[in-house]
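Residue numbers (the UniProt record's numbering), protein chains in the order written: chain H, 1 to 495; chain S, 1 to 495.
If you're looking for bench data, these hints aren't it; they were derived computationally from the structure. Be careful, since some hints might not be right.
[Claimed, not checked] Covered, in the sense of this in silico footprint (three residues per stretch, anywhere, with C-beta under 8 Å from a C-beta of chain H), are these stretches of chain S:
no.: 1; region: 31–43
no.: 2; region: 50–63
no.: 3; region: 70–79
no.: 4; region: 285–294
no.: 5; region: 307–316
no.: 6; region: 332–342
Model, not experiment: these values are computed from the prediction. Cβ coordinates follow ideal geometry from the N, Cα and C atoms, glycine included.
Protein chains: 2
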Amino acid sequence: MLKEFPLGREIDRPSAESAIESFREKLSAQQLLLKEKKLPVILLIEGWGASGKGSLIGRLIRYLDPRFYTVCTRSVPSDEELRKPFLWHYFTKIPQAGKIVLFDSGWMEETVRSVESKELKKRELTERLDGIRIFERQLVENGYLVIKLFLHISREEQKKRLEALEEDKNTDWRVTKNDWQQNKHYDKQLKRFDKYLEATSVPWAPWHILDATNRKEAELAAFRIVTESIDRALERRPGSTPLPKTEQFPLVQMPLLSKVSLDKTVRSDEEYRTQLKSAQKRLRELHNMLYRKKIPLIIVYEGWDAAGKGGNIKRLASALDPRGAEVHPIAAPESFELSRHYLWRFWTRLPKTGHVAIFDRSWYGRVMVERLEGLCSEADWKRAYHEMNEFEHELVRWGAIVIKFWIHIDPDTQLERFQERQNTPEKRWKITDEDWRNREKWPQYEKAVNEMLRKTSTQFAPWYIVESKDKRYARLKALNTVIQAIETRIRDDEK
Amino acid sequence: MLKEFPLGREIDRPSAESAIESFREKLSAQQLLLKEKKLPVILLIEGWGASGKGSLIGRLIRYLDPRFYTVCTRSVPSDEELRKPFLWHYFTKIPQAGKIVLFDSGWMEETVRSVESKELKKRELTERLDGIRIFERQLVENGYLVIKLFLHISREEQKKRLEALEEDKNTDWRVTKNDWQQNKHYDKQLKRFDKYLEATSVPWAPWHILDATNRKEAELAAFRIVTESIDRALERRPGSTPLPKTEQFPLVQMPLLSKVSLDKTVRSDEEYRTQLKSAQKRLRELHNMLYRKKIPLIIVYEGWDAAGKGGNIKRLASALDPRGAEVHPIAAPESFELSRHYLWRFWTRLPKTGHVAIFDRSWYGRVMVERLEGLCSEADWKRAYHEMNEFEHELVRWGAIVIKFWIHIDPDTQLERFQERQNTPEKRWKITDEDWRNREKWPQYEKAVNEMLRKTSTQFAPWYIVESKDKRYARLKALNTVIQAIETRIRDDEK
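Take these sequences, add in the hints, and give me the full structure.
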């Protein structure tokens, strides 16, 4: 895309100035429309070193209300960032509805740089690009506008600018060794950029290449693209047309809940205690190994109310070193969470490599409570199965072990436990009117859960149905499932 | 405190076991009371290397519900952390009401280590300890329970444990060079610990020294202290007794708002444009210098509705490099913010060194809207003046420039602007029913603002009243005030 791109066209300065002025007014008015229509905008600005990304951003925002935008700069990633999935840094920074985030270079720059440094091998690059396409597509499908600009300059122009920056002692610190490297190997770098641009230019998030030889021309083009894109997005109805998916994931077949026999028990308390102790001991050792091998572990707990999720999690968590494990209780989203992509609040809670995150309820709320209570549109929850598979696929590619438990009981057992909670003062806080209301919708929930298990039990992140009529059985089963998953993984890694 | 502490007492194992069991049940029941009474608990566990902090934490939480607690481990600070104030790492991690955060070593360890490495000079240590005392006192006054345990072992015991850890290949990575250093210079380290303990043991957050020679004994003592402290805190009524303050801050005298003349104007639009342009240019240069000198700048904007805050901020922000500046619009707190110390949501938004944070409304909401709308108790807002001074003092000691603007108009000007907003379609979103309601309370607000200006205009973080009947005048004044503050600071630093 870059190779054939003509650079250095002449422009008419005064007419550019006045055009910019009118676009600026337009953008200023669009801010309020964004707010009103709750449209979030991501503006990614990439380009060559010294192509003027920073100063372009400065001009774009000059007349924006600072309450409506944020600028994110790509800086040297911290140790913590390096221990998170690649997209974590970007996903956690997406705007709320009605706001704009400008990325002063981002996932493109980081990717191309990793290719350059040979950190990313060929297969990894393919995966990376795939993840990026999914990231952008998910954003668009969830109502985000994604605008991507690439500032292009020639080798000679870049050299001239780097030299000028170096001559001024106020700006010399901005020129890095990397910039000069880029200039020296300009042609190679151009090929890398091109390959990236081609791989990620899609109709719903196309690349716009800007001739940045002349700053005014680049500014004018940027204003035009941004305002036009916003106009189009304001007209578009979000989620109206599902976008093409890239991949089908291999599924594990799951039984219908009604076919699951709940009569599994542990023979005696003594047997339970002995087995619990030895499983916890084994898990403690394995946590140590995960830590040393820097493998992250993500465990999802879903299940019926009163199925025994809490007690089950407790047995698992207490076997882990608390310095490297965290339980995330997931309640109804707060408004700052609701105003972003629904997976945002889970991305922000991902563990570091070597750590364990246990989700006490999870993103699967989308296809259960949010679906049944009408908290999202039908298109939203229907799309979510694949989105969640993609999300977990990304986590697994990053290196995580992902395990999902459905803690299962039957309606009679639930009724017994509800009544017991009601009658026991220390347990009464655990039972609310909502629990009774949910109980009435058991058949609808069962249908939704069956659909969820069927559609999201992938081979890389399968569901495990944990029979929990006997809670002791359920605890041992969950512990042993986790132990087995870790052992299998460690064995596979050593092959 | 440590020197005279007797170590190595014999205990009766079976009776310790049964006592621990009953404390454990008590703690388990207390969780629900914490939740019910919305009491947040901070449990700081410090001590010698290999004294068993981690395993003690493991035992304390074994029967706690993972939804109620988090464990924070002190790890090597990231670059980002190093560019924040010392207490940032801890303040941002305080629990929500009803929850427990266990710190696996924290601000004590970090401080003593900085003394050891000679990073902290004598005067800096004094300031550091002062900041820590304020931190803990503010937490307690705002309803937190702060429990501090120190695990003490002898030099010989430590040596024995380090050797044992090193012998096992599963644990050898836990022993650091630092641990052996500590053991080698045990006596010196003991003195440093002692000094810290003495300086920070206060009745509302006392230190508890535990003999950790015998793990069971330490566990028993920890359980006893934790459960007893929680019992006492549950009985205590928060904020009922103000705690002794350490310091009075030098104030700048402020005029009453009614004495401020609002007839200041800029002669012509042309003069405004010229001056604006040159001030923005100067500020841009200065931002560069702040960045290079790593000086953080914090600017607070408060003012009457329709006083022109937004436009004023825009002129300031657009002169800054957006990669190093952020505007934080402060709205009513969301529930995850309300359930923490009211300064938490500002601590989490502090800039890095060399960066600028502009607060569009701020912590001063406490003594204005929260006071007048009864959103906090009288004791809360009365205490807040000093707390906010302490907060800003800490920021200044860290190295920040703190500037606070009161954007001022009179009631007639406000009425005119409200009417104009009402009558201009593009501006109508800016005016709400609440604005009209607030307007009716002008006299009460004026009284509150006068009190705020009088009590919180410290010499290190003064208020500036910005006359904004002529918005152009106000913009230039704010810009020039910021410029002057930066220039003064840079000059002082160079002396």
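Structure-based check of each hint:
Check result for the region 31–43 of chain S against chain H: holds, 3 residues qualifying (beta carbon to beta carbon below 8 Å, three or more required). Residues of the region 50–63 of chain S lying with their CB closer than 8 Å to a CB of chain H number 6, which satisfies the three-residue condition for coverage. Counting residues of the region 70–79 of chain S whose beta carbon lies closer than 8 Å to any beta carbon of chain H gives 6, which reaches the threshold of three, so the coverage claim holds. Residue count for the region 285–294 of chain S with a Cβ under 8 Å from a Cβ of chain H: 3. That meets the three needed, and the coverage hint holds.
Evaluation of the coverage hint for the region 307–316 of chain S: fulfilled, as 3 residues show C-beta separations to chain H shorter than 8 Å, against a requirement of three. Residue count for the region 332–342 of chain S with a Cβ under 8 Å from a Cβ of chain H: 3. That meets the three needed, and the coverage hint holds.
In this structure, none of the earlier numbered hints is contradicted; all agree with it.
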